[in-house]
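Participant: Sequence:
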Amino acid sequence: MGAFRDEGERTQVTFKADGPLGGIQVIADARGMVKGKVGNPAADPPLRPDGKLDVGSAVGRGVLAVVRSWQNEYVQPFTGMVPITTGEVAEDLARYLVDSEQTQSALGLGVSIAKDLSIKAAGGFLIQVLPFAEDETIEALERNITAAGSVTDMLARGMTAADISEQLLQGLGGSDTGFQLTPRYGPCEPSDLQDRMKQAVALLGADEVRSIMEEQGKIEVTCDFCRQTYQFAEDEVLAYLFVSRGNTVLADYTSYTGNFSTVALQALEKGAQGANAKFTYSCDGHTFNYLTSNGYTFLVVADEQFGRQIPFAFLEKVREEWQQKWAEKGPAAAAHSLDKSFGPRLKYWMEYCEQHPEELSKVASVQKKVDEVKNIMVDNIEKVLERGEKIELLVDKTDNLRFQADKFHKTGRQLRSRMWWQNMKMKLIVVFILILIAVIIFCAVCFSGGKRCF
Numbered sequence: 029m030g031a032f033r034d035e036g037e038r039t040q041v042t043f044k045a046d047g048p049l050g051g052i053q054v055i056a057d058a059r060g061m062v063k064g065k066v067g068n069p070a071a072d073p074p075l076r077p078d079g080k081l082d083v084g085s086a087v088g089r090g091v092l093a094v095v096r097s098w099q100n101e102y103v104q105p106f107t108g109m110v111p112i113t114t115g116e117v118a119e120d121l122a123r124y125l126v127d128s129e130q131t132q133s134a135l136g137l138g139v140s141i142a143k144d145l146s147i148k149a150a151g152g153f154l155i156q157v158l159p160f161a162e163d164e165t166i167e168a169l170e171r172n173i174t175a176a177g178s179v180t181d182m183l184a185r186g187m188t189a190a191d192i193s194e195q196l197l198q199g200l201g202g203s204d205t206g207f208q209l210t211p212r213y214g215p216c217e218p219s220d221l222q223d224r225m226k227q228a229v230a231l232l233g234a235d236e237v238r239s240i241m242e243e244q245g246k247i248e249v250t251c252d253f254c255r256q257t258y259q260f261a262e263d264e265v266l267a268y269l270f271v272s273r274g275n276t277v278l279a280d281y282t283s284y285t286g287n288f289s290t291v292a293l294q295a296l297e298k299g300a301q302g303a304n305a306k307f308t309y310s311c312d313g314h315t316f317n318y319l320t321s322n323g324y325t326f327l328v329v330a331d332e333q334f335g336r337q338i339p340f341a342f343l344e345k346v347r348e349e350w351q352q353k354w355a356e357k358g359p360a361a362a363a364h365s366l367d368k369s370f371g372p373r374l375k376y377w378m379e380y381c382e383q384h385p386e387e388l389s390k391v392a393s394v395q396k397k398v399d400e401v402k403n404i405m406v407d408n409i410e411k412v413l414e415r416g417e418k419i420e421l422l423v424d425k426t427d428n429l430r431f432q433a434d435k436f437h438k439t440g441r442q443l444r445s446r447m448w449w450q451n452m453k454m455k456l457i458v459v460f461i462l463i464l465i466a467v468i469i470f471c472a473v474c475f476s477g478g479k480r481c482f
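Note that our numbering has the sequence shown beginning at 29, numbered continuously upward.
Note that these hints are calculated values from the structure, not bench results.
Hints are not guaranteed to be accurate.
To be verified - Now the in silico label distances, taken between C-beta atoms and shown as ranges:
hint, residue 1, residue 2, range
1, G108, I147, 38 to 44 Å
2, R336, N68, 19 to 25 Å
3, V91, K353, 31 to 37 Å
4, T174, S365, 48 to 54 Å
5, K357, K246, 21 to 27 Å
6, V126, K80, 22 to 28 Å
7, A142, L200, 32 to 38 Å
What the hints assert, rightly or not - List time: in silico DSS-like cross-link candidates among lysine-lysine, alpha-carbon distance up to 27 Å:
hint, residue 1, residue 2
8, K148, K80
9, K435, K455
10, K148, K65
11, K143, K65
12, K246, K357
13, K63, K375
14, K65, K44
15, K306, K357
16, K306, K345
Even glycine gets a Cβ: it sits at the ideal position worked out from N, Cα and C.
Turn these sequences into a full structure, and let the hints guide you.
Facilitator: See the structure below:
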């Protein structure tokens, strides 16, 4: 089921059932890597009356779930579920393909068991009919499948995968089939194993991880598929890293599952994105450290115990490589378009930082001193500029006072002139009234009783 998929796609088949096996889980990818486990490897169900394994009873009843996922975490996985009707793996998988994926299929599985109950051989076949297949082709396939018998019998006869394929496709061009894919059954690939182990540790939560580290100094995780054990030391504290242009993430890498990318983008939208700036947010035992330079933002999420100096020294390393080799691709790049090209470099620098913390600590110490000197220089320059601004303000105030004085002098002169004219008018009015009264009195005296004064 995994071999028919695209590069980077994985198929996970899970039987969640109540049988003695305690469930089955198998994961396969397009490159032929297969790994599986059962919940109870020590299960010993009774055989069928014919002496063969009773797979149906061992599996039991429950739910069959198939998940198809991609390496790109931004592509939503496809999940299909059907009830387990018989417990026979091949029959229930064939039913799933028809009911959930609407694919007409023929599926056969078998195991050849030795007398000591060890597995001599195991295999199977899957034939899927395309929509344009002719009825004659389907009928020929059905005849060949019936004539071939069970897969267990074919394996017991020593037939290889090529032999089984030729017999099932007899008369349909089966002899022209070429086999390019060789299955691999473990151990797990180191890079995939380490990523999964980190995700398992992340699910414990920050408080639980700190508690285990304080008690034991390390965390050991064992893979259920290949039984390999991975140890996490205290200095493995980097979780998520990205490079963005504004709010558009161009490339990122994460070593843990979680909502780091969501929180990081929300903080980025609220934070200052200047030409050269550094800022840090704290959330749930982690620090979100941002370095902006020349229109790009570099972020790393680290454990709080790592402080701020080393994460920013780490971001300087990433920024230097970006500016030297990748910045020219940034302006036209779409979201996550550089994941495949620059993403591995982000992973490299994250692992390098975890393996060489002492080197970054020295770099951070030097960078801190440089920043301190730079901050002192900036403060001095700001003080000089502030002093210059105060002098300019004093000059402006002096000019303003001079202007106000001239205006006051001019206004006072105008007011004095108006007051003099008003006083003069009052005096003239009083003189006129006095003259008028004098004339009236004179006329009254001179012309009273018919006398004339002249």
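Participant: A separate judgement is required for each hint: does it hold in the structure or not?
Facilitator: Results for each hint:
About 29 Å separates the C-beta atoms of G108 and I147, a value inconsistent with the hinted range of 38 to 44 Å. About 48 Å separates the C-beta atoms of R336 and N68, a value inconsistent with the hinted range of 19 to 25 Å. For the hinted restraint 31 to 37 Å between V91 and K353, the CB-CB distance of approximately 49 Å leaves it violated. Under the hint 48 to 54 Å, the C-beta atoms of T174 and S365, about 51 Å apart, fit the expected range.
Separated by about 40 Å at the C-beta atoms, K357 and K246 break the suggested range of 21 to 27 Å. Take V126 and K80: their Cβ atoms lie about 26 Å apart, and the range 22 to 28 Å holds. Checking the proposed 32 to 38 Å range against A142 and L200 shows it holds: the Cβ atoms sit about 34 Å from each other. Distance hint between K148 and K80 is fulfilled; the C-alpha atoms sit about 14 Å from each other, no more than 27 Å.
A hinted pair counts as satisfied when its Cα atoms are at most 27 Å apart, and K435 with K455 does not qualify at roughly 30 Å. For the suggested pair K148 and K65, the alpha carbons sit about 18 Å apart, so the restraint of at most 27 Å is met. Distance restraint check for K143 and K65: the Cα-Cα separation of roughly 23 Å lies within the 27 Å cut-off, and the hinted pair is therefore satisfied. The hinted pair formed by K246 and K357 fails the criterion: a straight-line CA distance of about 41 Å is larger than 27 Å.
At roughly 25 Å between alpha-carbon atoms, K63 and K375 fall within 27 Å of each other, so this suggested pair holds. With a C-alpha separation of about 12 Å, the suggested pairing of K65 with K44 holds against the 27 Å cut-off. Between K306 and K357 the alpha-carbon distance is near 23 Å, which keeps this suggested pair within the 27 Å criterion. With a C-alpha separation of about 15 Å, the suggested pair K306 and K345 falls inside the 27 Å cut-off, and the hint holds.
Figure legend: structure checked against the earlier numbered hints; hints not met, in rising order: 1, 2, 3, 5, 9, 12.
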